[in-house]
Structures are given as structure tokens and as C-alpha cells.
Amino acid sequence: MDVTAIMTSPMLWILSGIMVVASVSQAIVFFKESIKECKNLGISKERYTAGIRSACITSLGPSLSPVVSVLALMAVVGAPTTWMRLCDVGAARTELGVVAIVANILGVDTANGLDLASFDGALWGMALNNIGWLLITFALTHKMSGIVSWMDQKYDPKWIKALLAASTMAMFAYLLSNQLYTFDIKKWTAALVSGGVMLVMTTLLKKHKRLQEVALGVSLICGILITQAIHG
Amino acid sequence: MTFDQKVIRNGRITVGIACIANFVPALYVGLKYGVQPSISVLLQLYGALAATYGITWIIQPIAYYPTMGAAGSYIGWLAGSCGDIRMPAAAMAQKIVGVEPGTHEGDVIGTLGVACSVFVSASLITLFVIIGNQVIPMLPSFITGSFSYILPSLFGAIFVDNARKNLKAGLFTFVAGIALLYFGKKIGMNSAIINILVIAVGIGVSRVLYVQNKNKEAAAK
Numbered sequence: 130m131d132v133t134a135i136m137t138s139p140m141l142w143i144l145s146g147i148m149v150v151a152s153v154s155q156a157i158v159f160f161k162e163s164i165k166e167c168k169n170l171g172i173s174k175e176r177y178t179a180g181i182r183s184a185c186i187t188s189l190g191p192s193l194s195p196v197v198s199v200l201a202l203m204a205v206v207g208a209p210t211t212w213m214r215l216c217d218v219g220a221a222r223t224e225l226g227v228v229a230i231v232a233n234i235l236g237v238d239t240a241n242g243l244d245l246a247s248f249d250g251a252l253w254g255m256a257l258n259n260i261g262w263l264l265i266t267f268a269l270t271h272k273m274s275g276i277v278s279w280m281d282q283k284y285d286p287k288w289i290k291a292l293l294a295a296s297t298m299a300m301f302a303y304l305l306s307n308q309l310y311t312f313d314i315k316k317w318t319a320a321l322v323s324g325g326v327m328l329v330m331t332t333l334l335k336k337h338k339r340l341q342e343v344a345l346g347v348s349l350i351c352g353i354l355i356t357q358a359i360h361g
Numbered sequence: 092m093t094f095d096q097k098v099i100r101n102g103r104i105t106v107g108i109a110c111i112a113n114f115v116p117a118l119y120v121g122l123k124y125g126v127q128p129s130i131s132v133l134l135q136l137y138g139a140l141a142a143t144y145g146i147t148w149i150i151q152p153i154a155y156y157p158t159m160g161a162a163g164s165y166i167g168w169l170a171g172s173c174g175d176i177r178m179p180a181a182a183m184a185q186k187i188v189g190v191e192p193g194t195h196e197g198d199v200i201g202t203l204g205v206a207c208s209v210f211v212s213a214s215l216i217t218l219f220v221i222i223g224n225q226v227i228p229m230l231p232s233f234i235t236g237s238f239s240y241i242l243p244s245l246f247g248a249i250f251v252d253n254a255r256k257n258l259k260a261g262l263f264t265f266v267a268g269i270a271l272l273y274f275g276k277k278i279g280m281n282s283a284i285i286n287i288l289v290i291a292v293g294i295g296v297s298r299v300l301y302v303q304n305k306n307k308e309a310a311a312k
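Protein chains in written order, with the numbering used here: chain A, 130 to 361; chain B, 92 to 312.
Isolated chain A (complex conformation) (with noise of 0.2 Å):
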């Protein structure tokens, strides 16, 4: 059978799928959960949609980032496991990084096209890598609540909110800065170009509301268009 066939094949989209109805099943859950939960610690319903529709505007412009990775994994391993490893664990980029090492491991050109052992070798390796994540996240998170309030009543409360908002900070300039250190000119203006976007509309323009829940979406559109309309 055609290696392509089978990489398309209807079985494969059902069995690829069962990972994004558990991920989409899961959101959909939790979703219900905290809605419930934002009633009984009295967030107004308008509050509470506000931020919803912020996420989901927030949301939009990082979703279309994979979309030339989308392009490039499925002329390798098929449609089914694109869509079904870009709905779970792990980035696209990190996907194309796996498919890359397992075809190194076994000796093979991925320009040339998988043929079907090393086929099922990238779905392992994406398999194995996943588990990784999957594994610790079923293994500590449970705890990391109970180190956070831990934490709480043994040290100062206010040190502890300082602390948890400091590695957030420090977690996006991490993010920001591994796309910066390069020092690439495109990518610099792009981040200056949102980042001020983004100043200005949560300072000068804060009173606005409606503003304050696409100021992500708008400092976004306004950094990649500014940016490929400045060096293409």
C-alpha cells in the first residue's frame, strides 16, 4: 500500500483524533468548572466574559503563527498527525525538530519522503517526546498547588505574589528574548513596534475598556504588518 494512502488513511484521522477530543473534551470541562467557580467567588458574569473574549481575540494571532509549520509537517508525515500533534503537546516547531531526529536516527532524507517504518518511527518519536510533558504534568502538578499555599503560610504572603508575578515576567522576557539574541533587525522592530502599540493603548488609552481586551490582538497586527510593510 501507498505509504501516503496510509498516512491519510480514514483510520488514522479517527485515531488521531481521539488525542484532540481529549484535549478539546478536557478544555470544555474546565471551562464549565470555572464558570461555576468565578458565580461562587462573585466575578460578574460581564467580568469574567470580558476576559473570555480577550483570550480568545489573544488567542487568534499566535494560532495563524504555525500556519507555513501546518504547510511543512503535513507534506511529511500527512494530515491526520499535523493536525492531530499541533492540537496537543508541544509546538510546531518542536514537532518538525522530532521528525527531524528520528529521521536522522534512522538514515533518512525527509526531503525524499518517509517510507513507512520510518513513518511509524516519527510517530513514536513524537509519541515518546510528548510522554515526556504528559508524564511530569500528571506527576507534579497536583503538588505545585500544595508547594504554592505551602509557600503562603510559611513566608511573607506579599513576597510570595511578588515572586510568582516576577517568574512570569521573567518567563516572557525569556520568551522575548530568545527571539531577539540574535539580533535580527525584522524581529527587533517587530517587537518594539508591538510593544509600543501595547504602551500606548494600556496607558494613554486605558480608560477604554473594550480597547484593553484587544490591545494583545491589535499591538500584533500592528508589529507583523508595520514590520513586513518596513523590511518586507
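These are computed hints drawn from the structure, not numbers from a lab.
Be aware that one or more of the hints could be misleading.
Below, in silico cross-link-like pairs of lysine-lysine (DSS-like), each with a Cα-Cα straight-line distance of 25 Å or less [unchecked claim]: (1) A:K290 <-> B:K259; (2) B:K256 <-> B:K307; (3) A:K290 <-> B:K256; (4) A:K338 <-> A:K168; (5) A:K272 <-> B:K97; (6) A:K272 <-> A:K161; (7) A:K272 <-> A:K165; (8) A:K283 <-> B:K307; (9) B:K256 <-> B:K305; (10) A:K315 <-> B:K277; (11) A:K161 <-> B:K97; (12) A:K174 <-> B:K307; (13) A:K174 <-> A:K335.
Some residues of chain A that are not near chain B, with every Cβ distance over 12 Å (derived) [what the hints assert, rightly or not]: (14) E224; (15) N241; (16) G242; (17) Q282; (18) K283; (19) K336.
To list a few chain A residues with every Cβ distance to chain B over 10 Å, as calculated [said to hold, decoys possible]: (20) T133; (21) P139; (22) S163; (23) I164; (24) L225; (25) V237; (26) D238; (27) L333.
By construction, the Cβ of each residue, glycine as well, lies at the ideal position given by its N, Cα and C atoms.
Got chain A sorted already, so can you dock chain B onto it with the hints?
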């Protein structure tokens, strides 16, 4: 049962199911077509992947926890793209609702944000996978070219928003991040180790500033 208890129960059940579902396509293709890799090949694969991503497997879920909370972590690590999609969605939802990360309210709103990001990204990826081959080549090159600037733009905006609350610590951490990545990569340092060092710098600087402010307040009294 409290919200937190439900989160842990549902999170462990769904992530447990995902651990099994994760292997189903590989097992199906291997067994149905008789191309199952040998144990030695699988171990070799695992070794290469652990060497490349192993530290990240451990460090990222811990480092992202303060913003994501327990539920956000379960959703975010199952759905992937934590740094690129889930964290920004959680952070923006928390900011708009006006709750602090790391508090119970922050966890609940962060969870809403992360869940919504899954609905959006799963829909878009499904759409791309179905129609991508036909539609994407038809987009003007101005638009497709601009996609390569999405991540620096995203992190530029979200970092500015985070750092302006504590400008000194933010700028110091960013400069340290650039220096650590620039020199660290030159000597072949693992990205996950650099990630931890940047977080340590951010926490360290914030601690120094926090103590300084506290001393100033005490002196003023």
C-alpha cells in the same frame, strides 16, 4: 468537592487518558503494517529526544505554573504551545478581569483563558489542516511573509505589559536574558537551563527591589 480538588481529579484523568491516546497511532501503524520499531531503536530514539528536550520536559511545566495555575497547566500541557498561545491568553484574561496570577481568582480566570485558547487554536488548526493546502498559497505574499513576525510581536507586547509594572526588574531581566542566550548558545548551553537562569535573575532582582522598598517604607515610619 472544592474547585481545586475537581481540577486535580479531572486533570489527572484527562492527562492519564492522553498518555495512552498519545501512542495509539504509532501502535496502530506499527502493528497493522508490521513495521513496529525494535526496542533498541525505540530506546535510541528516546535517548536522543531526552538529550534534546529532557530538561525542558521537567523545567517548563514547573516554570509556567505560576501563570497557568493547576487547571491551566493540565489544559495547556495537553494542548501544547504553552508559551506561544496558552500563557498569553491566561495573562490577558487575568489582566482584563483584574485578578492576580497565583491567587485562587487568578487560577480560575487563567483557566478560562487557557480553555478559550484551546477552542480557538484547535478550530484554526483543524481548518488549516483541511483547507490549508488550497487556501494558504492563495494569500498575498505580504500577509504570509508577515507571519514570521508573529512571535517577536506577541512577546514584545506582552513583555512590555508585564514589565511596566516593575520597570527596573523587567529591563534588567530582559538584558540578562539577551546576554545569557547570546553567550549561552555560543558555548552550547541547553535552552532550558538558560530559561531557568533568566527566571532566577528575574526573581533575584525583584527580591532585591522588594527588600529595598520594604526598608524604605520601614525607615519612613
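request  = Starting from K256 of chain B, check that the Cα of K307 of chain B is at most 25 Å away, please.
outcome  = Cα-Cα ~19 Å, so holds.
ask   = Hey, does S163 of chain A actually stay past 10 Å from chain B on C-beta?
value = violated, 5 Å
query = Is the straight-line distance between the alpha-carbon of K290 of chain A and that of K256 of chain B 25 Å or less?
reply = holds, 13 Å
query = Far enough from chain B: is every CB of that chain over 12 Å from the CB of G242 of chain A?
reply = Consistent with the label, G242 of chain A stays out of reach of chain B, its closest Cβ about 15 Å off (over 12 Å).
task = Determine whether the non-interface label on K283 of chain A survives the test: each CB of chain B must be over 12 Å from its CB.
result = holds, 15 Å
query = Is the hinted pair K272 of chain A and K165 of chain A satisfied, with a Cα-Cα distance of at most 25 Å?
reply = holds, 24 Å
message = Can you confirm whether the C-alpha distance between K290 of chain A and K259 of chain B stays at or below 25 Å?
response = OK: K290 of chain A and K259 of chain B at ~18 Å, within 25 Å.
task = Evaluate the condition: distance from the CB of I164 of chain A to the nearest CB of chain B exceeds 10 Å.
result = violated, 7 Å
inquiry  = Would the hint linking K272 of chain A and K161 of chain A be met if the CA-CA limit is 25 Å?
reply    = holds, 23 Å
inquiry  = If I take the minimum Cβ distance from L225 of chain A to any residue of chain B, is it greater than 10 Å?
reply    = holds, 13 Å
request  = With 10 Å as the threshold, tell me whether P139 of chain A passes as away from chain B on beta-carbon distances.
outcome  = holds, 12 Å
request  = Would you mind confirming whether the straight-line C-alpha gap from K174 of chain A to K335 of chain A stays at or under 25 Å?
outcome  = With a Cα-Cα distance of about 21 Å, the restraint between K174 of chain A and K335 of chain A holds, given a limit of 25 Å.
This entry does not satisfy hints 12, 14, 22 and 23, going by the numbered hints stated previously.
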